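Participant: Using the sequences plus the hints, can you model the full thing?
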Amino acid sequence: MKIVVIIKQVPDTETKIKVKADGSGIETDGIKYVVSPYDEFAIEEGLRLKEKLADDSTVTVVSVGPERTIESIRTALAMGADDAIHVNDPALEGGDSLATARVMAKAIKDHGFDIVFAGKQAIDLDQAQVGPAVAELLDIPQVNVVAKFELAADKTKATVSRRIEGADELIEVSLPALLTCEKGLNEPRYASLPGIMKAKKKPVKQVDLAALGFNASEVGAAGSHVKILKWLPLPERQAGKILKGMETQAAVKELVRLLREEAKVI
Amino acid sequence: MANEVLVLAEQRAGNLKKISLELMGIGAELAAKLGADLTAVVIGNGVEGLAKALGAAGAKKVYVGETGEKYYNTEIYTQAVSDLIKQTQPSVVLAGATALGRDLTARVAARVGAGLATDCTELRIENGKLVMRRPVYSGKAYIELESTAPVAIASVRPNTYGPAAQDASRSAEVVKIDVKAVTPRAVVKEIVKTAGDKPDLTEAEIIVSGGRAMKAAENFKILHEMADVIGATVGASRAAVDSGYAPHSMQVGQTGKVVNPKLYFAVGISGAIQHLAGMRTSKVIVAINKDPDAPIFQKADYGIVDDLYTVVPLLTQEFKKLLAE
Ligand SMILES: Cc1cc2nc3c(=O)[nH]c(=O)nc-3n(C[C@H](O)[C@H](O)[C@H](O)COP(=O)(O)OP(=O)(O)OC[C@H]3O[C@@H](n4cnc5c(N)ncnc54)[C@H](O)[C@@H]3O)c2cc1C
Ligand SMILES: Nc1ncnc2c1ncn2[C@@H]1O[C@H](COP(=O)(O)O)[C@@H](O)[C@H]1O
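Residue numbers (the working numbering), protein chains in the order written: chain A, 416 to 681; chain B, 42 to 366.
Hint data in this document are derived by calculation from the structure and do not stem from the laboratory.
Warning: the hint list may mix true and false statements.
Unchecked claim - From chain A, some residues computed to sit far from chain B (all C-beta separations above 12 Å):
| hint | residue |
| --- | --- |
| 1 | Tyr453 |
| 2 | Thr484 |
| 3 | Arg489 |
| 4 | Leu513 |
Said to hold, decoys possible - Computed footprint of chain B on chain A; a stretch qualifies when at least three of its residues, placed anywhere within it, have a C-beta under 8 Å from a C-beta of chain B:
| hint | stretch |
| --- | --- |
| 5 | 427-438 |
| 6 | 532-542 |
| 7 | 549-556 |
| 8 | 580-586 |
| 9 | 591-603 |
| 10 | 643-652 |
| 11 | 666-676 |
Values in this document were obtained by computation on a predicted structure and should not be read as measured data.
Even for Gly, the Cβ is constructed at its ideal location relative to N, Cα and C.
Facilitator: In structure tokens, the structure reads:
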């Protein structure tokens, strides 16, 4: 099987986000980038599938992003992916999810695919759009927020469980399909030292727009359907009323009073 | 053809979800500003009856699509909604940022070429156009977007807007829409409940979450007791989940659920940035922690510095007394 995993490089969850004074974006100095956490579940599931099949199946990582993205691609290769496609072109700058998905879908199609794993959402803009958009553009079914995955013996379909509010949907999906991965699906492995060494020699295909057959008007800001008007910092939160050094009973009474009379939430 | 603000009304098992009425509320506001008609679409099995409630909530027209299928299906709904959008060309489409809404809108937007903003926490009209505000970087900043395509689709975080007023004297014209025979390649076979009858964390108005300090699954009992008194849903931090005190479906945060209640209790939770990522938009945050320097107190509107094992049972008693009045 041709197993494809799409991963995005994003700022580490600890990153302090500072909006530029003119609202045009965020300060990027000093940001540490990582593989988006949900994409780690996608990589792991791809690897587990390959290991289970134990045939000539391959796991290919595809990522759209600037130069620095290569580090995250190497992380995925160090975990065990076989090869990668890095789509990088200055014209992609400022593209929305749909523009990214368009490029991604073409790269995946050119490579060939039987199953595509993505993250539930990338933790930068938290949009949760690229997975379903890629599925639509590839004309394959999607299952979002997958917490369990099992390939059927005949390899033409899979049984998956998708998390919804207060319940799980048990879904039968025919392949090829795209699945977006949720925490709980698996425990992603760490890259081993030999894995990291091997990753350095694994093939990473660098692809630009011309190679995919796009022109600049189809991607980036020009190929997008939404435009970011501005970025806003969080509003300042007023200092809270913290009750300390009081007798517990009195503090509890006061808290309840505040919740009822001041906050009016009880 | 009149311009429309179209609400994707969500139902489960034939019941309208609360988010649908919240969307009708903000939808009416936007429609008035745009001089557009407020309409709604509801899809499912035997759902025509829901048109009444949507009419009372202000819909002028309700499009009804009968699928004959018991459960939600991505491909069937995508086809029906996309066909409707292509036909009626609403300038604004609203959906819930729910499991269903997230699944559906991304696919529909790609199909019809609409400008989509997911998980919005503020919508307004400026210069005749919809401005969509949404949190990014797990709530550490916001962006405002507009659609550059003729159709804007916004999915709205539950509990962001109050429900539309219901007025039984209002009614909607019911328009049946074709649900084309798509043979779906992914089919829901069964829905397995994973939680009790309480609202899901993502929809709950009050949440009581416990952290590592709960020390054992049994100790969550005191949180459940308090939650039962005030009608809350119980959540957990990742440390509590990873330690096996609570299932992942209860986790709030970066790699758990993003919640938006009016009242959030963080009990024995330190307030790590990844926990804040899931609950930062809560209207009122209450922290109970014995460490006065716990970062959660920086974000809390109210707090008690004390041992949770003495505070929580007393709080439960106080709430009981208050609510009995
Ligand atoms: C990629 C990534 C994703 C993550 N995702 C999430 C996520 O989704 N959700 C999440 O919550 N975390 C997440 N985390 C973990 C996060 O960084 C913290 O480790 C976690 O939130 C800590 O949980 P806690 O506050 O319960 O535990 P602790 O940080 O250990 O805090 C326990 C608190 O309880 C207090 N306490 C102890 N005993 C008592 C008592 N008797 N009475 C009162 N107070 C008491 C202590 O003072 C302390 O403040 C993530 C981390 C990473 C790296
Ligand atoms: N630029 C990208 N390159 C590769 N994969 C991406 C990219 N953007 C998004 N994805 C994938 O799509 C998922 C959802 O991303 P998003 O829609 O941005 O929240 C991510 O978890 C990734 O699996």
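Participant: Next step is simple, just say for each hint if it's right about the structure.
Facilitator: Evaluation of the provided hints:
no.	hint	in the structure
1	Tyr453	8 Å, violated
2	Thr484	18 Å, holds
3	Arg489	23 Å, holds
4	Leu513	6 Å, violated
5	427-438	holds (count 6)
6	532-542	holds (count 5)
7	549-556	holds (count 5)
8	580-586	holds (count 7)
9	591-603	holds (count 3)
10	643-652	holds (count 8)
11	666-676	holds (count 8)
In summary, the structure is inconsistent with hints 1, 4 from the numbered list given earlier, while agreeing with the others.
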